[in-house]
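Colleague: Listed below are the residues making up each chain.
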Amino acid sequence: GAVVSQHPSWVICKSGTSVKIECRSLDFQATTMFWYRQFPKQSLMLMATSNEGSKATYEQGVEKDKFLINHASLTLSTLTVTSAHPEDSSFYICSARDLSNEKLFFGSGTQLSVL
Amino acid sequence: GESVGLHLPTLSVQEGDNSIINCAYSNSASDYFIWYKQESGKGPQFIIDIRSNMDKRQGQRVTVLLNKTVKHLSLQIAATQPGDSAVYFCAEGLTGTASKLTFGTGTRLQVTL
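Residue numbers (this note's numbering), protein chains in the order written: chain A, 407 to 521; chain B, 120 to 232.
Accuracy of the hints is not assured; some may be wrong.
Quick list of in silico lysine-lysine cross-link-like pairs, DSS-like style, CA-CA up to 27 Å [claimed, not checked]: (1) A/K447 with A/K470; (2) A/K426 with B/K219; (3) B/K187 with A/K472.
None of these hints come from the bench; they were simulated from the model.
Okay, chain A solo, but in the shape it has when bound (with noise of 0.2 Å):
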């Protein structure tokens, strides 16, 4: 099947830096990619919508600032967190729309850990 790519696949930085994750799309064009984020042991919750070309939807409640997204490309969508708290340590997982079957492929995540 299509392959997404995440990277890094976890970090570790001190409140209040940026640490950017990205998701590629290897093998197929995605206009449309998804952020989400995930607690342990509980579910995936969306954070957004990131369009190609275009800005970002974001769930209610998730901080557009706090949260930037990028998508640049028609492989490429970037998330940064910026201004890292404690309280924003989480794993952070993208997935992609293959536009030639519609299916949504995931990346592999990124475990957040802010100190």
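Got chain A sorted already, so can you dock chain B onto it with the hints?
Modeller: Then chain B, alone, in the frame of chain A:
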């Protein structure tokens, strides 16, 4: 049997037995449903999907059943293997919304030897 953990319900089955994982979805307008498997520290992995014009779909060792009347989805795994141990999520979506999915709470499947 089933038990409710801190957040995730857990289903324990013996190797070789069949597993049935249930899910209640919320939006009666949803017309696309998917089951995902998530292993610890990894992203969700697609298992099987079904559209609302069907009530049953079979894959390799897996079957998904859809009951739209009671908004219920189930995943049946035949001859459960240790490698099936993971958390299973159902997800619902609406055709035409660019695959925006809503995930269920998840069920942890533990396969005992």
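Colleague: Quick one, are A/K426 and B/K219 close enough, alpha carbons at most 27 Å?
Modeller: holds, 23 Å
Colleague: So if I understand the rule, the pair passes when the alpha-carbon distance is 27 Å or less; does B/K187 with A/K472 pass?
Modeller: violated, 39 Å
Colleague: Given the hint that A/K447 pairs with A/K470, does the C-alpha gap stay at or below 27 Å?
Modeller: Roughly 26 Å separates the two Cα atoms, so the pair holds.
Checked against the numbered hints listed earlier, the structure breaks hint 3 alone; every other hint is satisfied.
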